[in-house]
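Engineer: Each residue of the sequence shown is one higher than the one before, counting from 1 in full-length UniProt numbering.
Among the hints, a few may not be true.
Computed spacing ranges between beta-carbons, pair by pair [what the hints assert, rightly or not]: (1) T344 - E323: 46 to 56 angstroms; (2) S8 - F182: 24 to 34 angstroms; (3) M379 - E123: 13 to 23 angstroms; (4) R383 - E157: 36 to 46 angstroms; (5) F182 - A54: 19 to 29 angstroms.
Rather than coming from a laboratory, the hints here were simulated on the basis of the structure. Here the structure is a predicted model, which means the values were calculated and not measured. We put the beta carbon where it would ideally sit given N, CA and C, even for glycine.
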Amino acid sequence: MENFEFVSPTQFVFGEGAEEQAGTKLAERGARTVLVHFGGQSAIKSGLVDRVKASLDAVGIEHVELGGVRPNPEITLVREGVALCKEHGIDWVLAVGGGSVIDSAKAIAVGARYDGDVWDFFETKQQTDDVLPIAVVLTIPAAGSEASKNTVVSNDELQMKSGYANNAQRPKLAFMNPELTFTLPTFQTAAGLTDMFCHLLERFFDDVGAVPVTDNLNLSLMKTVRAEAPRVLVEPENYDARANVMWAGMLCHQGLAGVGRHEDWATHGLEHELSALYPEITHGAGLAVMFPAWMEFVYDANPARFAYYGREVFGLAPTGDLEADALSAIDETRAFFASLGMPTALTELGVDEDDIEKLIPTLKANKGEPFGSFKKLTMGDARTIYRIAL
Numbered sequence: 001m002e003n004f005e006f007v008s009p010t011q012f013v014f015g016e017g018a019e020e021q022a023g024t025k026l027a028e029r030g031a032r033t034v035l036v037h038f039g040g041q042s043a044i045k046s047g048l049v050d051r052v053k054a055s056l057d058a059v060g061i062e063h064v065e066l067g068g069v070r071p072n073p074e075i076t077l078v079r080e081g082v083a084l085c086k087e088h089g090i091d092w093v094l095a096v097g098g099g100s101v102i103d104s105a106k107a108i109a110v111g112a113r114y115d116g117d118v119w120d121f122f123e124t125k126q127q128t129d130d131v132l133p134i135a136v137v138l139t140i141p142a143a144g145s146e147a148s149k150n151t152v153v154s155n156d157e158l159q160m161k162s163g164y165a166n167n168a169q170r171p172k173l174a175f176m177n178p179e180l181t182f183t184l185p186t187f188q189t190a191a192g193l194t195d196m197f198c199h200l201l202e203r204f205f206d207d208v209g210a211v212p213v214t215d216n217l218n219l220s221l222m223k224t225v226r227a228e229a230p231r232v233l234v235e236p237e238n239y240d241a242r243a244n245v246m247w248a249g250m251l252c253h254q255g256l257a258g259v260g261r262h263e264d265w266a267t268h269g270l271e272h273e274l275s276a277l278y279p280e281i282t283h284g285a286g287l288a289v290m291f292p293a294w295m296e297f298v299y300d301a302n303p304a305r306f307a308y309y310g311r312e313v314f315g316l317a318p319t320g321d322l323e324a325d326a327l328s329a330i331d332e333t334r335a336f337f338a339s340l341g342m343p344t345a346l347t348e349l350g351v352d353e354d355d356i357e358k359l360i361p362t363l364k365a366n367k368g369e370p371f372g373s374f375k376k377l378t379m380g381d382a383r384t385i386y387r388i389a390l
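Can you make the complete structure from the sequences, with help from the hints?
Structural biologist: The following block contains the structure:
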């Protein structure tokens, strides 16, 4: 087990009607003027935004609205949110939505007390403790952003998608009502399940040996996601299934499932380039294609780890041939994503060979340096993985 620091300041309010406590809990924390940040029309049409605003009104908290967050949130709206915070003296940011909305809210909170351009943080990765506190009303379990230290934002002008990690931007409050997820479209639910599972894979496969307490937590979450996925897709209003998925999504990316490990994150980097170039690609769908391709390229670095994963998560019986067992685990992973309705090839996402040559030059996050920890990858390796994914 490697040395680590783990911070988790989030207070969770979980269950039916949780969002109705937003005003009371924020008032207890001293909130006076809140930026209510959300996505498209669904949060408005469902009445959720109005319910949240009513809870703020009931305790005398003033609020300013900023909607319009798209999937793969973009820096332009973040800059608009930063300007609103400075103009209105915002002291809390309240995200009402899924991972994209929360990531946008985190970026706004980071930039609100900064004199320069908020994109600086995504380029330099500089740390700051001067971050507005963040609260979340979660509507889409997937990214785990409601408790994580991470945010990812696109810059369309630069054709770049970059992440920023800082414990100071972990939300202080998270309101989680599984009923808010009953009406999610099937594809969105499936993409969320895929994203959760891939957060665990990124932590399980790295260059550290066995870390039993972390590994067993990780594997348990993988098995839970696998078990609940078909239930929630067949019975979208099954409260227990939705509740298990919602809580698992948080645990998959809060950080506990990777403590003591280096973690990898190469596949997320490869997918981020896809959705930076083509923002219409849903993150989970991109991961469903890229992860098995990455696995095929790197498994020979430690086939025993893959075979172990296959036994524990998919119940594969050992054959005595580690390579065959590792490849079977990869096949099962791809089949699991396909069973959710996810794509299995980049061509299904409208990406072809010519697009790969557009992706490689924009792999800017690593500045040309080897990346990943399970197996160090070069830009040439990235090109090969994209071709495997075709």
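Engineer: Against each hint, give a clear statement of whether it holds in the structure.
Structural biologist: For each hint, the structure was consulted:
no., hint, verdict
1, T344 - E323: 46 to 56 angstroms, "22 angstroms, violated"
2, S8 - F182: 24 to 34 angstroms, "28 angstroms, holds"
3, M379 - E123: 13 to 23 angstroms, "19 angstroms, holds"
4, R383 - E157: 36 to 46 angstroms, "25 angstroms, violated"
5, F182 - A54: 19 to 29 angstroms, "21 angstroms, holds"
Hint compliance for this structure: hints 1, 4 are broken, all remaining hints hold.
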